[in-house]
Each structure stands twice: as C-alpha cells, then as structure tokens.
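Colleague: Here is what each chain is made of, one letter per residue.
Protein chains: 2
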Amino acid sequence: MRKIKMTPYMIIALSFFTVIILGTILLKLPITLKEHGSLSWIDAFFTSTSLITITGLTPVLDLGSSFTIFGKVVIACMIQIGGLSVLTLTVYIMTLIGSKIGFNNRAILKESLNQNSLQGLVKLVKRIIMISFIIEFIGFIINLFIFIPTMDNTYHAIGVSAFHAISAFNNAGLEILGFNNHFLNYHNNLLFNINTGVLSILGGLGVIVIYEVMKKRSWKKLSIQTKITLKMTLGLLIMGTVLFKLIEQNQMTFLEVSFLSINTRTAGFLTVDLTKVKSLSIAIIIPLMFIGAGPMSTGGGIKVTTLYVMLKSLFSFGRGSQTLTHKRLITDETKIKAFVLIQSAMILIGISTFLLLAFEETNIQTALFESVSAFSNTGMTLNFTHKIGLGSKTILILMMYIGRIGPLTILHLIYSKKASNSNLVYIDEKIVIG
Amino acid sequence: MRKIKMTPYMIIALSFFTVIILGTILLKLPITLKEHGSLSWIDAFFTSTSLITITGLTPVLDLGSSFTIFGKVVIACMIQIGGLSVLTLTVYIMTLIGSKIGFNNRAILKESLNQNSLQGLVKLVKRIIMISFIIEFIGFIINLFIFIPTMDNTYHAIGVSAFHAISAFNNAGLEILGFNNHFLNYHNNLLFNINTGVLSILGGLGVIVIYEVMKKRSWKKLSIQTKITLKMTLGLLIMGTVLFKLIEQNQMTFLEVSFLSINTRTAGFLTVDLTKVKSLSIAIIIPLMFIGAGPMSTGGGIKVTTLYVMLKSLFSFGRGSQTLTHKRLITDETKIKAFVLIQSAMILIGISTFLLLAFEETNIQTALFESVSAFSNTGMTLNFTHKIGLGSKTILILMMYIGRIGPLTILHLIYSKKASNSNLVYIDEKIVIG
Ligand SMILES: [K+]
Ligand SMILES: [K+]
Chain L
106 MRKIKMTPYM
116 IIALSFFTVI
126 ILGTILLKLP
136 ITLKEHGSLS
146 WIDAFFTSTS
156 LITITGLTPV
166 LDLGSSFTIF
176 GKVVIACMIQ
186 IGGLSVLTLT
196 VYIMTLIGSK
206 IGFNNRAILK
216 ESLNQNSLQG
226 LVKLVKRIIM
236 ISFIIEFIGF
246 IINLFIFIPT
256 MDNTYHAIGV
266 SAFHAISAFN
276 NAGLEILGFN
286 NHFLNYHNNL
296 LFNINTGVLS
306 ILGGLGVIVI
316 YEVMKKRSWK
326 KLSIQTKITL
336 KMTLGLLIMG
346 TVLFKLIEQN
356 QMTFLEVSFL
366 SINTRTAGFL
376 TVDLTKVKSL
386 SIAIIIPLMF
396 IGAGPMSTGG
406 GIKVTTLYVM
416 LKSLFSFGRG
426 SQTLTHKRLI
436 TDETKIKAFV
446 LIQSAMILIG
456 ISTFLLLAFE
466 ETNIQTALFE
476 SVSAFSNTGM
486 TLNFTHKIGL
496 GSKTILILMM
506 YIGRIGPLTI
516 LHLIYSKKAS
526 NSNLVYIDEK
536 IVIG
Chain F
106 MRKIKMTPYM
116 IIALSFFTVI
126 ILGTILLKLP
136 ITLKEHGSLS
146 WIDAFFTSTS
156 LITITGLTPV
166 LDLGSSFTIF
176 GKVVIACMIQ
186 IGGLSVLTLT
196 VYIMTLIGSK
206 IGFNNRAILK
216 ESLNQNSLQG
226 LVKLVKRIIM
236 ISFIIEFIGF
246 IINLFIFIPT
256 MDNTYHAIGV
266 SAFHAISAFN
276 NAGLEILGFN
286 NHFLNYHNNL
296 LFNINTGVLS
306 ILGGLGVIVI
316 YEVMKKRSWK
326 KLSIQTKITL
336 KMTLGLLIMG
346 TVLFKLIEQN
356 QMTFLEVSFL
366 SINTRTAGFL
376 TVDLTKVKSL
386 SIAIIIPLMF
396 IGAGPMSTGG
406 GIKVTTLYVM
416 LKSLFSFGRG
426 SQTLTHKRLI
436 TDETKIKAFV
446 LIQSAMILIG
456 ISTFLLLAFE
466 ETNIQTALFE
476 SVSAFSNTGM
486 TLNFTHKIGL
496 GSKTILILMM
506 YIGRIGPLTI
516 LHLIYSKKAS
526 NSNLVYIDEK
536 IVIG
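Respectively, the protein sequence lines represent chains L and F. Okay, so the first sequence: first residue is 106 according to this note's numbering, each after it adds one. Okay, so the second sequence: first residue is 106 according to this note's numbering, each after it adds one.
Careful: at least some of the hints might be erroneous.
Note that identical chains are pooled: a pair holds if it fits in a single copy or bridges any two copies.
Keeping only pairs whose Cα atoms sit at most 27 Å apart, straight-line, the calculated DSSO-like set for lysine-lysine is [claimed, not checked]:
hint : residue 1 : residue 2
1    : 492       : 381
2    : 498       : 231
3    : 498       : 350
4    : 325       : 381
5    : 432       : 442
6    : 492       : 383
7    : 381       : 442
8    : 231       : 350
9    : 228       : 432
Simulated from the structure, these hints should not be mistaken for laboratory data. Nothing here was measured: the structure is a model prediction, and the numbers come from that model.
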C-alpha cells in the first residue's frame, strides 16, 4: 500500500482544521461551560474557528459569563496556539522532546512562516516564541496597573490582565470580562489605550520584524522587507487616524480614532460603537481590514507588503518601466503572486457577501463589512454575528479559515494536480485587455 | 519654438474632452432647450459627458420634455459620436475629404481601437461605420413596428424608432420619449425586448467580432479573441438571467430578468424599477456592470477578455503551470496588464464610493452602485443622479470619462515621463506576499 504524499499546503490546511475540531470539542466540555448545553455545536465550531484563526467574531453574546475559569484558560490557549500558528508550535514541541526535524517538516514550516530559506528555521521558531512570551509578559504587567485599580476582585483582575495581554499581542480582539461592552468603558483610559494599542501594533508587525529591529538598531541595515512593513504600517496608521478624525469630528476623541485606526489593521478591539459611526467611516474600515498587517505576523488581511507590490506595479506600468524598490527589481513572478492573492481574496469576499445577502435580511454595506472582517481575521462586527442562521455561520467559518491559511494555499489545494504538459513550448497569444 | 510632442494617450484624452466641451455648449443653446436656461452649466456638462461616454446617467429628470426636436437630434448625434468613438470618426472623415493619413494618426487609431496591427486600420474603420449603420437601420425598421402602433403621433413614433435604434446599438441606455418611465411600459412587449436586447448585445460584442463571424461562418476559423468574447458574453448573459430569476422569482417575468441581464452588461436600459429589487440582485448587477462588454465594442467595463485572462491566471497559478488558452500561451505581460487594469479600476471605484459618501447622505450599497455604473458607462441608477450636489456630479463626470478612455490611459498620462534608468540591470528582491 502506497502512502498518500501530502503537500505542505495540505498539511497546513489539515493541521489548522484538526486543531479547530479539537477546540470545538474542548469548548463543549461540561467543565468549560458554566451552563451545560448552552452552546450549540455550530456555535462551538464557529467560536473555535474564530479563536484558532484569531479573528474574534463569535455568535456568543458574552464570552465572559458563558465560560468557567477553566473555559477562559482554554480560550486563551487557543488564541495563543492560533497566534504562534499551529505548525510553529508543533515544530517547537518536537525540538523540545528531542525528535529530529527532517527536511519535510522544514518544508512545511517554510510554507507556514512564509520564509524563503530553510536554514535556521528551528532557531527562528524558538526566537519567535521567546520574544512573543516576553512581550506578552510585559503587557500583562502593565495591564495589572490598569485592571487591579478598576476592579473589585484582584484575582479576577490578574486573570483579565493575562488574558488581555495574550488577546492583544495575538491580534485576537476578544474580550472575556463577564459584562457587556467592557472595552467601551476604557475608551478614555490612556494607559489601557497605549498598552493594548502597542501590543496590537507589535503583533501586527510580527516578531521577525521586531527581532530584526532589536538586533540591527539602524534603519539602513534593515532588510527591504522590514523597511516596507514598517513604512506601510506607520503610513496606514496615520492615514486611518486622520481620516477617522476628519469624518467623525467631535463624535470621537483623538484617543478613540487612533485606537480605531490601530484595530482596523486586524486586531479588532473596539472602544466605540460601530453601529453608530458614519457609513463613511465604515468605507474606511473595510479597505484597512482588507489590507491588514505585516506578512509574518499574528495579523491577517492581504498584508501590507502585498499592497506595496501592487501599488508599485501600477505606477511602473504607467511609466512603462521595470518595477523597482530600494534599487532592487520586483520580478513579474512576485507581481503576479500579489495580484493573484488580491484578486482571489476579492472574489471570495464577493461570493461571501452575496451568500450572506441570500441568507439574511441585510444590505450590501453590512454583508461586505462582515465578509471582509471574517476573511481578514479582524473580527469587528456591525452587530451581525449574534443573529445569523446556520448558512451564514458556515460562510463566515469558511471565510475565517481561508483567510488564515491564505487564499493562495486554497488555490494550490484545488489545482494540485501537476501540469501534465509543462515541457511543451507554446506560441504567445495577444489578447486585448480593456 | 518646439512643438509639444503629444502621445497617443494625450490625444485620446484631449479629443474626448474637446468633444464633451463642444457638446456642453450645444446642449445649452436656446434652440436645443425647450425652456431657455432650464439646464445649468454643470448639468449640461454632466449630460454631455454622459452622452459622449455613452453612459446614460443624467441629472435631467426627463430628457424628452426638456429638449426640442433639434435638441434630440443633437443628443442622438452625440451618442453616435461616442459610440463610434471620436477618433474613428475623425479618421473616417479625413479619408472622405481625401487627406492622407500619416503614420501618427494610425498610431492614435491603433490605441483607440485597441488593435495590435497598424495595417488595414482605415479599411477597418470604414467597415465599422458601415456595419454599425446597417445594423442601426435594421433596428430602426423593426422599431417602427413597435412604436407606430403604440403612439398617437406617427412622426413622433418614427423619430423615437430612430433614436432608440441608435441608443440601443451604442449601449447608451438613454430614452427620450417625453414621458416618465417609458420603457417600463414596454416591459412585456416581446418585439421591443428582442429588438432592443439584440441591438445591445451586438453593440456589446463589437462590430469587429460581428464582421469576423459574418466573414468566417465557422467556429473553428474564428480568432481566439473572438471565441473568448463570444463564450464569455453568452456565459455571463445566461448566468445573469438564471440568478435574477432565482432571486426575484415571481417578482419578475422571464422577459424582465433576461432584459435586465442583457442591460447590466453596460447598455443600461431598464424595464424594472431598480429601487424595488432585492439587495441580492444589486449585488449581482454591480459585478456584471464592472465586467462589461467586449473589448472593441460600444460597451464599457473592464471587458470580458480581461476577466477571462484574470480567471485563467488564478487557475494556472494554483496549478503552478503556464497560463494557456486554446493551446496558446498567455504571457506574463498580458496577465500583468489585465491585473493592473482591474486593480486600478477597483481603486478608482473605491475612491469614488468614498467621496460620494462624503458628499451625500447615503450608504455604501448606493454609492458603490452609482460609482460602478458611471465607471463602466452603464448608466443605471438607484434614483440617485437626480438629487446629488456639485461635488458628487463632478465625481461621476470624472468616473464616466476615465471609464471610457480607460484607467490604463490615465496611468500612462500620469506617469508619462520616460524611465530614466531603464538600461540598468537590477538585482531581484524577494518580497513576501500574503
Ligand atoms: K482579530
Ligand atoms: K450605457
């Protein structure tokens, strides 16, 4: 009997799926839920997908009061697993227990981490995890100064501090405090805004970027990849903040608009009520969520580097010249990869929007917003996820899952059969475009 | 003094602009308007742009009762000029009056017609005009059988028949009959639906496709370009019809859904009230308008061939193979051109949607619909164009104009300076996508 040969794409897709299924079962356990049977299978599956893909959408109105302390620990662990990504963690555990890492596992890790070189991957994984835990620990300590003074129960405040450090750095955007609209109460708490904001930004930049900046301590020495990620992140944050303030004027404070701008980039925490903001702000949030965070980070979306390559391609096309960045060439292969990613993401979001409209009584604005939020693993909602049916839940589960493993992985999975005639030479065909 | 060297892109952009300005002045003439001064300059400019770009959006509630017979002739001529495209017509008139056509003019015509070869362009232009007029004449004769029996004034019916043959074949989508909701009264007139539908489809395929089919009379002998255009057009028409019928069920007859499906592909005539259809139907109309018609036709949008190349690229990327069509290779250059066109179109539509939301009290659904309708030169409206301010009118004028001359022309115009260092060889830079 021959073993089925698994491609890295299959392994990524299957391992995420396996962890989601395990998470679903954990969430349904009697010791996880305060009230036995209060969570349906589909809602457990939805919530598990949301946690592992660190999206933060959930049909459960109030996670805090639905789950036991054990349940909340499970949820925090699922976010952490999602954030470090299933494979990174698997490989790390494998090194801890001393097993050899073969070439195949490295190839998987390469796909999962989007790294171009196989060398030093294991070392890299160790670093990722170490730096993540250090940042989360610092965030936890600062959180203590925020939550202990504002809460009656100190033990509860400590738990909340730990949970929110994990949730913020992993861009999960979930709150689990046992009462509604919790974060809205902290909308003008400066320390809360800074700590949560910085944790989200750092997570969205990605540990590899943070590590490189710490090590090189000089803008000139940074890799082009890292320079692009830093510039685009800063530019988009400022753009979002300025636009939201211009649109909402006195309806939002400066703290609120900057927190909103940070969190559209797939963290997803909210200190404002989205159902009360203008349609114009929604029209800014949608593309910001779609663009998302850095390419090797806990954030989602198409990634800032993909946007950068796309924009560079448009400009150089207009000039009729090669596409250059920092005196290097962006190849046609890289450009096509960026375009294919953006186009397949948009087609998926279009189909999702259409299906949500088919299943629910809503308009294109809401259906599009929820689709982009799920796909980009942001998790913001226009008060939609709580009231949808089975069909819409299934759509959003699929969107969160595809958004996390990446539409390119899906394309490779669907069309996995080898091109049978790849050695033939074909004559070019000119086709009129536009 | 050195003459400024005009690129074909500049000439295309400027000639369309010049004709629009001339049209604006014509529409403001006392003999054009029934009531002197009843049309503001911005509305005249808007309507002129709409006619020359054969879009059909207009802030004038009832064109029929606002303009004199002379005015209606002017409007018909402007649609015809727009349809044949300003440059094609200019060159034809030049050949008629016997002047030599130099290489430069041919180069312009080449850009304007999207043709890859310079040879036989003048002959092609003559054919385009001859075939267009023959089809319009047949459409006019059939229209007589529709409008003479249903109208009191026979002379008026003859005028209406001529106007609507021109409006339908050129995918203008304008009606000018002197009373409101005229076409809605013909929603179950079989001959009207067939005649207007066939004229719109033929115009959307483009005269070059029609000519090739007439000449070769065999599927096998057709060019790949023509095969793709025919297959995509048929596929999209059937898809639209089936989806609209599934969505609207008994709310629309089969004749109504098929007429709607045909007209989303940038003709823009309506026999149903769009403000009463489901959001789900709107979510189908938007992408169909965006895709548009054939690449060398009176229709707008990104064009069916562009969509075809994009989809082929996605599939072949997933397979990790070359992009083939009909046993020929689609080059990376063609693929990038398609992606650049689609992306710049989407960015423009995004900016337009945002600005309409900034200027008007509306939602993303309506603002997006109107933006796509203007850009794709379809001219359908959710009862929006009549009530907007100066800012929104300017946005829609720009979108109609850019949609007609093409976003790629705009990209070339903005970045027209030569790449100064195009002979240098650059090192490739790998950038992580997604
Ligand atoms: K999130
Ligand atoms: K039209």
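Colleague: Each of the hints needs a verdict: does it hold here or not?
Modeller: Checked hints:
1. 492 - 381: both (18 Å within a copy, 25 Å between copies)
2. 498 - 231: neither (36 Å within a copy, 58 Å between copies)
3. 498 - 350: Result: close only across copies, 26 Å inter versus 33 Å intra.
4. 325 - 381: neither (44 Å within a copy, 59 Å between copies)
5. 432 - 442: both (21 Å within a copy, 23 Å between copies)
6. 492 - 383: Both ways: residue 492 and residue 383 sit 22 Å apart in one copy and 20 Å across, limit 27 Å.
7. 381 - 442: Cα proximity of residue 381 and residue 442: none, with 38 Å in one copy and 41 Å across.
8. 231 - 350: So residue 231 and residue 350 fail the 27 Å test inside a copy (41 Å) and across (57 Å) alike.
9. 228 - 432: neither (30 Å within a copy, 47 Å between copies)
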